[in-house]
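Respectively, the protein sequence lines represent chains A and B. Count the first sequence with our numbering and you get residues 1 to 290, in order. Count the second sequence with our numbering and you get residues 1 to 128, in order.
The set of hints was computed from the structure by calculation and includes no laboratory data. The model shown is predicted, which means the values in this text are computed figures rather than measured ones. Beta carbons: idealized from backbone N, C-alpha and C, even for Gly. Careful, some of the hints might be misleading.
Straight-line distance between alpha carbons at most 27 Å, and here's what the computed BS3-like set of lysine-lysine pairs gives [claimed, not checked]:
1) B:K27 - A:K128
2) A:K245 - B:K27
3) B:K85 - B:K27
4) B:K58 - B:K85
5) B:K58 - B:K27
Partial list, derived from the structure: chain B residues whose beta carbon lies under 10 Å from chain A [unchecked claim]:
6) N12
7) E16
8) E18
9) K27
10) R28
11) E38
12) D40
13) A53
14) L55
15) V75
16) L76
17) I81
18) A82
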Amino acid sequence: MVAPPLVVHLPPRMATWLLTVGGVLLAAASSASLALLAFVAVGRLPLVASLGRWSDDLLAQRSPLSVALGGVAAVLVVAFAVRFTRVFVARARATRDSFRLAAELPRQGGELCVFETAARRAFAVPGKPGCIVVSSGMLQELDAAQRRALLAHERAHLQHRHHVHQTVAWLAAAVNPLIGANRAAVELACERWADEDASRVCPREVVAETLSRAAVGRPAELPGLALCAATTAVVARLDALRAPKRTATFWPLLTFAGAALSTAVAAVMSWRYTEGLFELAQEAYRAGRH
Amino acid sequence: MENGAALKRRQNGALESEILATLWAAKRPLTAGEVAAELDGTLAYTTVQTILARLLAKGAVQRQQAGRAHAYSAVLDGSGIAATKMRAQLDGSNDRTSVLSRFLQDLSPEDEATLSTLLELRRGRGDS
Chain A
1 MVAPPLVVHL PPRMATWLLT VGGVLLAAAS SASLALLAFV AVGRLPLVAS LGRWSDDLLA
61 QRSPLSVALG GVAAVLVVAF AVRFTRVFVA RARATRDSFR LAAELPRQGG ELCVFETAAR
121 RAFAVPGKPG CIVVSSGMLQ ELDAAQRRAL LAHERAHLQH RHHVHQTVAW LAAAVNPLIG
181 ANRAAVELAC ERWADEDASR VCPREVVAET LSRAAVGRPA ELPGLALCAA TTAVVARLDA
241 LRAPKRTATF WPLLTFAGAA LSTAVAAVMS WRYTEGLFEL AQEAYRAGRH
Chain B
1 MENGAALKRR QNGALESEIL ATLWAAKRPL TAGEVAAELD GTLAYTTVQT ILARLLAKGA
61 VQRQQAGRAH AYSAVLDGSG IAATKMRAQL DGSNDRTSVL SRFLQDLSPE DEATLSTLLE
121 LRRGRGDS
């Protein structure tokens, strides 16, 4: 996959945006292509052809695709639409729950809510305004500089609305399973972004220490949810914090723009082709009636 | 772009959080001077005092007499509302749908062992 190196080799803010926008473009292009394929196949059904006043014979002759392939496309269009709706509803609910939670949590001071448990936990709860939730166990484990790093990290999540990026990545992956890995990549990019933001209030080594202190010896509260990807993500974040800071360069944007442009051109060309095909079929239909 | 006032408000919020976190981390009540010392002199004593006064007014901290100074401690969430709500949230939602960003995802015991080894190795290298 291209995404993980992209996350590590680019400044995280740029990586997050490229991955999110790129995911949307890919999802839009693949959905449009599938819809076209399905439409050409459905248009060949005699009933649909007579309703649309075009010639199903001409479509059958000129169309480069078999009905079977179009049928598969039609099934996929429906399946992805269902998936998209499901993910959309789930994320909308989760966001609403989070905003409610942020409003209900007892805040000590403005943005912070501490809850008492020995487990080391820290969350950014998106809301209006968002809330940083940290367990007392986590705060006791860290020194002053590390606490500052942790708070800055969580604040960055809220300030840059990382949950929106992640929701967009989920929606894009819902209609294109091939970019499923993009969700984890966007998540990692957001974490990196927050780590780099935290490194503006304290040295990068401190951010790395905070991360490892929080990670090791952490009692597992939710058995069964243990994710193998987690270490890779944490280790990748630690590595990135130890490496020299990445500065923004021009070439990734250029590459991205090139890829996006070619995708868009391909989509427009197939759309124009299909349009032309149906115009021909309509002419054939009219000619056939005379 | 953020205007000056909004930026200042956010910075104040960050300072409040930092001082609150310090009180939560301490095992006993701290005086303003002790808080300032704990923060490694990143904040002036007067700033710490001002923010503690603000937190006191909000009811986020309580204070008691400690010799000639006041000692401050975080107000415990007696009914445990925060803990209950967080637990409900965590139990109710799975990773698929949650929009909360966790500082760390849950690690498996093996993951944790790997990470510990890595850290040990690095520590060893740092000492030599």
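Against the structure, the hints come out as follows:
Of the pairs offered as hints, the one joining B:K27 and A:K128 is violated, with about 32 Å between alpha carbons and a cut-off of 27 Å exceeded. For a cut-off of 27 Å, the pair hint linking A:K245 to B:K27 is broken: about 37 Å separates their Cα positions. Proximity of B:K85 to B:K27 is assessed by CA-CA distance (about 25 Å); at most 27 Å being required, the pair is judged to hold. For the hint linking B:K58 to B:K85, the alpha-carbon distance of about 22 Å falls within 27 Å, and the restraint holds.
Pair hint B:K58 plus B:K27 holds up; C-alpha atoms about 22 Å apart against a cutoff of 27 Å. For B:N12, the interface hint holds, the least distance from its beta-carbon to any beta-carbon of chain A being 8 Å, beneath 10 Å. Given hint, B:E16 at the interface with chain A, holds; its Cβ is 4 Å from that chain's nearest Cβ, closer than 10 Å. Proximity of B:E18 to chain A holds as hinted, the smallest CB-CB distance being about 6 Å (cut-off 10 Å).
For B:K27, the shortest C-beta to C-beta distance to chain A is roughly 8 Å, which falls under 10 Å, so the interface hint holds. The closest approach between the C-beta of B:R28 and any C-beta of chain A is roughly 12 Å, which is over the 10 Å cut-off, so the hint fails. Here the hint on B:E38 is kept, as its CB sits about 6 Å from the closest CB of chain A, short of 10 Å. The restraint placing B:D40 at the interface with chain A holds, with a minimum CB-CB distance near 6 Å, inside the 10 Å limit.
A least Cβ separation of about 13 Å between B:A53 and chain A goes past the 10 Å threshold, and the interface hint is therefore violated. This hint holds: B:L55 has a C-beta 6 Å from the nearest C-beta of chain A, less than the 10 Å allowed. The interface hint given for B:V75 is met, as the beta carbon of that residue sits about 7 Å from the closest beta carbon of chain A, less than 10 Å. Residue-level restraint check for B:L76 holds (minimum Cβ-Cβ distance to chain A is 7 Å; threshold 10 Å).
With a least beta-carbon distance of about 5 Å to chain A, the hint placing B:I81 at the interface is held under the 10 Å criterion. Against a cut-off of 10 Å between C-beta atoms, the interface hint on B:A82 holds, since the closest Cβ of chain A lies about 4 Å away.
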